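Just so you know, the sequences run in chain order A and B.
Per our numbering, the very first residue in the first sequence carries number 13; after that it's consecutive.
Per our numbering, the very first residue in the second sequence carries number -10; after that it's consecutive.
Check before you lean on any hint, since a few could be wrong.
Among chain B residues calculated to face chain A with C-beta under 7 Å, some are [to be verified]:
hint, residue
1, 143
2, 147
3, 326
4, 385
5, 387
Below are the BS3-like pairs computed for lysine-lysine, each with C-alpha atoms no more than 30 Å apart in a straight line [stated by the list, open to error]:
hint, chain 1, residue 1, chain 2, residue 2
6, B, 156, A, 109
7, B, 385, A, 109
8, A, 109, A, 14
9, B, 377, A, 23
10, A, 49, B, 347
11, B, 338, A, 34
12, A, 14, A, 76
13, B, 276, B, 338
14, A, 52, B, 347
15, A, 49, A, 76
16, A, 23, A, 109
17, A, 31, A, 90
18, A, 14, B, 338
19, A, 109, B, 347
20, A, 90, A, 34
21, B, 135, A, 49
22, A, 34, A, 23
23, B, 338, A, 109
24, B, 156, A, 14
25, B, 385, A, 14
26, A, 14, A, 70
27, A, 90, A, 14
28, A, 52, B, 135
29, A, 31, A, 76
30, B, 347, A, 90
31, B, 377, B, 338
These stretches of chain A come out as covered by chain B in the derived footprint (C-beta under 8 Å, 3 or more residues) [what the hints assert, rightly or not]:
hint, stretch
32, 21 to 32
33, 84 to 93
Derived by calculation from the structure, the hints in this document are not laboratory data.
These numbers come from a predicted model, not from an experiment.
For glycine and all other residues, C-beta sits at the position ideal for the given N, C-alpha and C.
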Amino acid sequence: MKYILMMNATKSNFDLYAKWSKEDLQRNVAFMRAFSKELKDSGVFVATEGLGWPNEAKTVRAGKDGEPITDGVFAESKEFLAGYWIIDVEGPEQAYKIAARASAAPGPGGTRGSMPIEVRQVLCGFADLGL
Amino acid sequence: MVAQPLDAPLEHLLRELTPQVLGAVVRRFRDFAAAEDAVQEALLAAATQWPDEGLPDNPRAWLTQVAFRRMTDQIRSESARRRREDEMAVEASRAPEATITMDAPPEEDDTLVLLFMCCHPALTLSSAIALTLRAVGGLTTAEIAKAFLVPEATMAQRISRAKQSIKDSGIPFELPTTEERAQRLRAVLHVLYLIFNEGYTSSAGPQLQRVELSREAIRLTRSLRNLLSNDAEIAGLLALMLLTDARRLARTTGEGELIPLMEQDRALWDEPQIAEGVALISAALPKGSVGPYQLQAAIAAVHDEATRAEDTDWPQILALYDLLRRMTDNPMVALNHAIAAAMVHGPTKGLELLDALKTDARVADHHRLDAVRAHLLEMAGDRDGAVKHYRAAAGKTRSLPERNYLLMQAARLASQTRLGDGQE
C-alpha cells in the first residue's frame, strides 16, 4: 500500500527555519539525507521531493476566457506543503512508524523535533468490490 | 546492455527454465542469494545472445553453464580480494567442466523447493511475492518493479532483503517436512493467489502491464499443479484463477471504469478458459478434500456458466457460500454470502446478515461493507439509504476506480430520487 507523508508548515515556520544556526541546519539536512537513504535501503521508497518556499507561491484560477488569474495573498495561518515522501509499505502502522521518524527530525540545538506529518493513502488502480 | 523485448516463446522458455537452472546452481554452490543473482545474469545473457545467435541445442545446459561460470568468477574474485586460499573456489573452479551435472535431467522437486522457500512465512508478503516472481518466475527486477509501480532500485532492495532474511533464518534448500507441508503449501497458494489478484484487480488502461501478473500467477500455479497433481486445492486455485481471469475483458470499460459482474457483456468472456476451469473444478471436487479455493472456484464456475445474468443459479451459489463460511472465518466471505442470500431470499435477509458484521472489527469500517449495504438497500428500494452508503464507501476505498464507480452509483440514485420528488 502506498502512502504519502507530507511535511506542512506555515510561512512563519519557514521564516524561523531560515534563521537556524549553521550547525542546526547541517544536522537537519544530514538527517533528511539519511532518512531518504533509510527508506531506499529498506525497499519502501517510491518518491520524494522538496518544494520551493511559499514566498513565491501563487494560487491560480481560470478567468472568464480561461486565462490565468494569480493571487499571492494568503492568510498567515495557511499551511504550505514543504516536501513529501511516497512510500510503499505493508500497512498503515508501518506508514505511521516511518512518519514518526520523519517527524523527529532534529530541531534547533539538536533537540528531537515533533513536526506534524500528514499521512494519506495514495489511491491505487486495484479494484474488487465483489459485486 | 539493455535486452531487446523478447518474442513470447523465447520469454516463456526462459521463464520455464529459470527454477530448474536455479535449482541446479543452488545444489552445486549452496548459496541461494548468489545463485539467484548468477541465474539472472545468465537469463540476461540468453536474452541478448539467443535472438542473434540462435537457440542453443540444450538451452537449460547453456544457462546452467553460464550461471556456474558467474558463480565461479565471483568466488574467484572474492577470494583474490581477500588474498587467501578459499577451498570453495578451488572446488568451484571445476564447475564448468561438470557437464554431467548440467546434462542431468532437472530435479523436478527444485521448482517446488524454490516455491516453498520464496513463500516462507518468515518473509513479509510483499517480499515473498517479489522473490517468487524473480527466482521462480524468471521475471527481471525491472519487470517486477514496473508491475508494482515502484522504482527498480526499491524492488531490488526488497528482493535482496528477502534473500537476506532467507539466509538469516537458515531456511534450508529442501522440501518441508511432512508435518509442515500442508501449512507451507497454504502459504505458497496464498502468495500465488495474491500475485493473481494484484494483476486481475488492477483496472485496465495505463496499467495494462499488470495483466502480466495474472498470467504469471496462472503459469506458476499450473506448474505447481503439474508437480503435485493429486492436490485438489492446487487444482481449485488454478480453476479459480482461470474462471475469474476469463471475465477480464468484460470487467472494465476501455477507460478502466468498473463493470459489476451482473452487468458485464458475457459475450466477452473467454469460453475456452471457462471450459478448462470448469473441467478442473469438476474433477477436483469429487476427490473429497474440499477446501476454500475449490469452493471459490465452484462459485466462479456457477457464475461463468450462466449465459445471462438472470440465469445465475443463486441457490447453488448460496449453498456453496454456506459451506465456505463454515470453513473460513474471512469476513469478506461473509459479505459475499450476504449478497447471495439477498439474491435468493430477498434484500431484507441480506441486510440482516450484514448487521451481524457491524461488530466485526476487521470489516466494520471497511468500504466493502458500505458498498454491499448500499447495493442491498438499492435492491430493497431504499434510495436515500443506498446513496448514503455508496458515498460512505467512496470515502473509505483506497482505489480510484472503485471510488469513481461508487460515486457514480450514488449520483445515479440521487438523480432518480430528485426526479421522483419532482413528479410527486
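ask   = Is the hint on residue 387/B kept, meaning its closest Cβ partner in chain A is under 7 Å away?
value = holds (5 Å)
query = Taking only the CA atoms, is the gap from residue 90/A to residue 34/A under or equal to 30 Å?
reply = Cα-Cα ~27 Å, so holds.
query = Is the straight-line distance between the alpha-carbon of residue 31/A and that of residue 90/A 30 Å or less?
reply = holds (20 Å)
task = Decide if the proposed pair is consistent with the structure: residue 156/B and residue 14/A, CA atoms, cutoff 30 Å inclusive.
result = Status holds; Cα separation ~28 Å.
query = Can the restraint linking residue 49/A and residue 347/B be considered satisfied, given a maximum Cα separation of 30 Å?
reply = Outside the cut-off at roughly 42 Å; violated.
Hinted pair residue 14/A and residue 76/A, Cα distance within 30 Å = violated (38 Å)
request  = Against chain A, run the beta carbon of residue 143/B and see if the smallest gap drops under 7 Å.
outcome  = OK, holds: residue 143/B within 7 Å of chain A, min 5 Å.
ask   = Holds or violated: are the alpha carbons of residue 338/B and residue 34/A at most 30 Å from each other?
value = violated (69 Å)
Agreement of residue 338/B and residue 109/A with the hint, judged by alpha carbon distance not exceeding 30 Å = violated (42 Å)
Restraint check, 7 Å cut-off on beta carbons, for residue 147/B near chain A = holds (3 Å)
query = Are residue 14/A and residue 338/B close enough, with their CA atoms no more than 30 Å apart?
reply = violated (37 Å)
30 Å limit on alpha-carbon distance, applied to hinted pair residue 109/A and residue 14/A = holds (14 Å)
Hints 3, 4, 9, 10, 11, 12, 13, 14, 15, 18, 23, 29, 30, 32, 33, counting from the list given before, are not met by this structure.
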